[in-house]
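Asker: So the sequence lines, in the order shown, correspond to chains X and V.
Note that this note's numbering has the first sequence beginning at -16, numbered continuously upward.
Note that this note's numbering has the second sequence beginning at -16, numbered continuously upward.
Heads up, a few of these hints could be off.
In silico EDC-like pairs for lysine to aspartate or glutamate, Cα to Cα no more than 16 angstroms straight-line [stated by the list, open to error]:
#1 V/Lys137 - X/Asp142
#2 X/Lys241 - X/Asp150
#3 V/Lys53 - V/Asp(-2)
#4 X/Lys137 - V/Asp15
#5 V/Lys137 - V/Asp73
#6 V/Lys273 - V/Glu218
To be clear, the hints were calculated from the coordinates, so they are not data collected in a lab.
From a predicted model like this one, the values you see are computed outputs, not experimental measurements.
Protein chains: 2
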Amino acid sequence: MSGMKQQVLEKINPDLSAIEMALVENLDPHLDLVKQTAGHLIFSGGKRLRPLLIVLCARICGHESPFVTKFATTFEFLHTATLMHDDVIDGANMRRGKQAAHHLYGAAVTVLVGDFLLARAICIAAETENPRIIRVVASLTEQMSEGEIYQLIKKGQTDLTEAEYMDIIRRKTGVLIESACKSGAILAGATQKQENALTAYGKHLGLVFQIADDILDYTADAGELGKNVGADLREGKLTLPVIYALSRAGETDHGRMKAIISNPEFTQSDFAELLGLLEKYQGVADARQKALDHVHKAKVHLEGFAPSATREILEMMADYALKRSS
Amino acid sequence: MSGMKQQVLEKINPDLSAIEMALVENLDPHLDLVKQTAGHLIFSGGKRLRPLLIVLCARICGHESPFVTKFATTFEFLHTATLMHDDVIDGANMRRGKQAAHHLYGAAVTVLVGDFLLARAICIAAETENPRIIRVVASLTEQMSEGEIYQLIKKGQTDLTEAEYMDIIRRKTGVLIESACKSGAILAGATQKQENALTAYGKHLGLVFQIADDILDYTADAGELGKNVGADLREGKLTLPVIYALSRAGETDHGRMKAIISNPEFTQSDFAELLGLLEKYQGVADARQKALDHVHKAKVHLEGFAPSATREILEMMADYALKRSS
């Protein structure tokens, strides 16, 4: 895997550098505090997945321009805005291995800087003067906020279904990645067929990323994760590994799992017990299989494009999305 | 004054009804909780000043359409979003005579519903497919959030200057009202001269509204205000009446005022003493004079339009903006 990661990274390094520069140039607030607070998270080693997808999706449709890179920052700013608001709302301690912004700058500043980033993103999208792109960005912002609220409503609900889970992750994560791919195509003046294919690719890729993230919450160590393991559960968020395990457990194990899940103060030994039960009922393995299905579906939608380095990178990104959770 | 208010209200009643209907129709969230939380504030007797300005500014440029009313909701949703985030940040108890939303629905939901309203507003603005309007809306959102952050930075600073105060209120309140007038003109396909005139009218009107609001915090009773008197001071926000009084007070009174202002736990009798000092140094009277200057400036910019009922209402709105603080 690390060989593949290396290969992908080398090919996309120039794009990543251009994106970093564009992020610095386009953050551009009047107030130093905004720069510090937003910068704390923006420049903390994010994967730049969303802007990169825009650049690659535009390129696979034959379009390349400095404006694409500038526009791509829209999606990183939107992504960061939601992370900042999420961390305030969840009372999260860490993000990407650093203290969450609200611990350093306070909840009030963090909420307002999140608002600023949201507005900044819309401003950059508006520069396209392309009504379709602006609609895509505006609508995804709306869907994301409803997705977050839906997740909040479902917090602590131990009988969350797979369908409800998929609905939440589609809205809170999937839509942003799907829309990034779609916007890249629109910006490139792609054919409708190309645009549809890249939108579908993005839809499946988004699901893979979120399912993999949710698996990592049970399999990674804290250093690797950049935040505490088991954080989702502690926040009352049920994710796919647990949903699968619960659906298959016998009465006793089911009862025991529910007891652990329902107690936000669960101990290290409770958590270890839960991990054992996830193992017993193949919760993680099946979640990974589900993600793998979406990796395949994502790749199928790239088949209409002629083989190229760009197509190869997009395919690798789908693999990478899942592999990082191994 | 109440005669004038009556007169204005009768003329604009049909517009206000159309705006109310458009707000109900266009809020349109998928989740019931969003409807409840957003509706709690949106349908709590707001003045609908901002949407009304759009309708009137479009009309004075000869344009009238149901879409203008729909577009006008953008500004009420943006306004409500900022109020919701403000109330969470300030820990405000009341708004428009009701419990602030975060007391009923929690801070997390209130922040996210604020995000939803912001996104909803941008979606409606995007429907214009007019790049200039979308830029105006996107840019005002960015300016407002920086204005809020600037105010937060300046909180508790007892030596705030008049220039700093004007900068804060221009960004946090003025820009929204100014942009409402400008958008109405653009939507109407106004001439550049008309657009500039209405933008300037809106700029001065916005300042009048905020200065009047800030005066009300010292002169109204709690019932009339819909929130606690002296709330600004308790939150560490210095406004024009105090800035003026401080600038003129002798050493002893200056020291006494600073002592009261610096203590967020000031008593009723401290507050009464402060009101006495504001009176002594004409803080309120001079703030009102400043607002009156902006009323005149606002009206001057309407002089290029032929006399009409609409022009008269816009003039009356400038008077009303200040008179309500008497």
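Asker: It remains to establish, for every hint, whether it holds in the given structure.
Answerer: Here is what the structure says about each hint:
{"no.": "1", "hint": "V/Lys137 - X/Asp142", "in the structure": "violated, 47 angstroms"}
{"no.": "2", "hint": "X/Lys241 - X/Asp150", "in the structure": "violated, 22 angstroms"}
{"no.": "3", "hint": "V/Lys53 - V/Asp(-2)", "in the structure": "holds, 12 angstroms"}
{"no.": "4", "hint": "X/Lys137 - V/Asp15", "in the structure": "holds, 13 angstroms"}
{"no.": "5", "hint": "V/Lys137 - V/Asp73", "in the structure": "holds, 14 angstroms"}
{"no.": "6", "hint": "V/Lys273 - V/Glu218", "in the structure": "violated, 24 angstroms"}
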